[in-house]
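K.L.:
Just so you know, the protein sequences line up as chains P and H, in that order.
Residue 15 is where the first sequence starts when you use this note's numbering, and the numbers rise one by one after that.
Residue 15 is where the second sequence starts when you use this note's numbering, and the numbers rise one by one after that.
Don't read these hints as lab results, they were simulated from the structure.
Here are some, though not all, of the chain H residues that point toward chain P, as calculated from beta-carbon distances under 8 Å:
#, residue
1, G171
2, A172
3, I179
4, D249
5, T253
6, F290
Covered stretches of chain H (in silico footprint by chain P; criterion: 3 or more residues with CB under 8 Å from a CB of chain P, positions within the stretch not fixed):
#, segment
7, 193–204
8, 255–261
If you anchor each label on the Cβ, the simulated ranges turn out as follows:
#, chain 1, residue 1, chain 2, residue 2, range
9, H, P196, P, G72, 58 to 68 Å
10, P, G121, H, M288, 36 to 46 Å
11, H, A95, P, D19, 33 to 43 Å
12, P, R144, H, G166, 20 to 30 Å
13, H, D238, P, D61, 56 to 66 Å
14, P, T29, H, G232, 53 to 63 Å
15, P, G166, H, G121, 32 to 42 Å
16, H, R108, P, D165, 23 to 33 Å
17, P, R96, H, G166, 19 to 29 Å
18, P, D39, H, M15, 40 to 50 Å
19, H, G166, P, R147, 16 to 26 Å
We treat Cβ as the ideally placed atom computed from N, Cα and C, and that holds for glycine.
There are 2 protein chains.
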Amino acid sequence: MSPTDVVVALDVGGTGMKCALVRPDGAVLHTERHPTDAGRGPDAVVDTILAVADGLAGKARADGLTPAALGVAVPGVIDEARGVAVWSANVGFRDVPLRDLARARLGLPTALGHDVRAGGLAEARLGAGREDRHVLFVAIGTGIAAAHVVDGAAATGAHGAAGEIGHVLVRPGGPVCGCGRPGCLEAVASAAAIGRRYAALAGVPATAADVAERAAAGEPLAADVWREAVEALADGLATGQALFDVEAVVLGGGLARAGALLLDPLRAALHERMTFHREPRLVAAALGDEAGCLGAALLALDSLEK
Amino acid sequence: MSPTDVVVALDVGGTGMKCALVRPDGAVLHTERHPTDAGRGPDAVVDTILAVADGLAGKARADGLTPAALGVAVPGVIDEARGVAVWSANVGFRDVPLRDLARARLGLPTALGHDVRAGGLAEARLGAGREDRHVLFVAIGTGIAAAHVVDGAAATGAHGAAGEIGHVLVRPGGPVCGCGRPGCLEAVASAAAIGRRYAALAGVPATAADVAERAAAGEPLAADVWREAVEALADGLATGQALFDVEAVVLGGGLARAGALLLDPLRAALHERMTFHREPRLVAAALGDEAGCLGAALLALDSLEK
Chain P
15 MSPTDVVVAL DVGGTGMKCA LVRPDGAVLH TERHPTDAGR GPDAVVDTIL AVADGLAGKA
75 RADGLTPAAL GVAVPGVIDE ARGVAVWSAN VGFRDVPLRD LARARLGLPT ALGHDVRAGG
135 LAEARLGAGR EDRHVLFVAI GTGIAAAHVV DGAAATGAHG AAGEIGHVLV RPGGPVCGCG
195 RPGCLEAVAS AAAIGRRYAA LAGVPATAAD VAERAAAGEP LAADVWREAV EALADGLATG
255 QALFDVEAVV LGGGLARAGA LLLDPLRAAL HERMTFHREP RLVAAALGDE AGCLGAALLA
315 LDSLEK
Chain H
15 MSPTDVVVAL DVGGTGMKCA LVRPDGAVLH TERHPTDAGR GPDAVVDTIL AVADGLAGKA
75 RADGLTPAAL GVAVPGVIDE ARGVAVWSAN VGFRDVPLRD LARARLGLPT ALGHDVRAGG
135 LAEARLGAGR EDRHVLFVAI GTGIAAAHVV DGAAATGAHG AAGEIGHVLV RPGGPVCGCG
195 RPGCLEAVAS AAAIGRRYAA LAGVPATAAD VAERAAAGEP LAADVWREAV EALADGLATG
255 QALFDVEAVV LGGGLARAGA LLLDPLRAAL HERMTFHREP RLVAAALGDE AGCLGAALLA
315 LDSLEK
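Make the full structure from the sequences, and use the hints.
P.N.:
Shown next as structure tokens:
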């Protein structure tokens, strides 16, 4: 690649798109944010994605750079091999051949990826897991999902649906999950679930961040709710470690912003659950909410190498 | 490889060793079984492994064949990259450099593998999963363990401990597992656990096969115990599918010999748990108790290709 080459990277979420121009060495030259406005329907969202990507490619050329490829990360079930967004509730996609649409519009090699897998790729290669060969990246926000990254490649599964650690069973007969089953990790320990649980018990609305703060300040109810979530997370991570045997578990997403309030008790609870397992390092993500966009850039760069 | 080349394959278990001479095309030319007699201690077991392997190589030569490599599969935590049996309760191994010992004794390229991963490799490449790229092989016997095989390679994890599906949490606060934690899948749904549960409730000793038979014959207590185990297995497999997203789940080990008595209700219980997931085919293993030995042969053949 020439020294003026860049890739165009987009991380498309339910509310906003994080966009960047990224050099092959990972340096970010330019960033933009745009609203997704998913309520407009999938066709309008696709139009916006293509227009924003095209605009970034134009911006690169205007700056004397050469856009060499495009990487787009999207939530949901993503068939990366075929470049199709199979199913994505947040942005209303159903079997959208986004890779081919983008290729046709921009005339650039294009890679389509899954948002959490892209984030995990970036954390494993450039972030908190860069010293490790086997990394489990777990994003805890409204939902919970994971990316299992080995030697710099994220496992996709047979149908693009691997890594759904939010839907491992941790509390049989427990709260019903968005997926319809009771007791999924996500229904007990996502940021949304923690807020809901506290609100139901305290009778006042609260976010997971509120609960973390009140627990730290010694409020018994908040401490109980926080502890229950931490125990469930430890159960989910122990299950992940039993199956994957990684060196590092990297926690990202909104809940990880609680920092030591989450990591310290979670590390202790995970330690308690390690019997035959080798205990993984449990660390916070290093790249913040740019991880997905950086991962989209890595996917674009990888596609050029193939 | 020449048409007279064969590999020597050993699958070492707690009670017996299954041994074979296998051609590169997978054809088995000769088989032997030997007792492991693990009570003699690890040094004696290693001596037997080396003597049996050496004997098989000699037998091959006597038959006009050329032993080209050796593959040995062992239970426990196996570091395949270093060729070390890190920990194996069944045969008493602790950090045994079995690959180098065998190489020195036989003068042949040697591969050391994990018994369940070797079995999974064979089922995925030659057995019930041979049409699928993404396979989860689950062996249910005294314990429960799995091998996740993608494109003909079994995931080992960072420390050789991947695939321990017997230790995913399915019944918090449930029966205490051999690993020391309560509620592991293995503590509820292994063949040993099913026998124990029925014996405790009925007051008479029973094997899992007895329970399956009595359940099929309409005995209510046996039917309850069997159903509880099937539900727990479905929970464990659903967790596996959420994380791995495979095309086929292949069931092996002693409990799979129950055939339709296990597969039919388990398939229904798994179906019930599939929400966002793509439902995998659930099938019985095709290679019987030869899978581990065939897998050891595949590891030996793979090591020659490298």
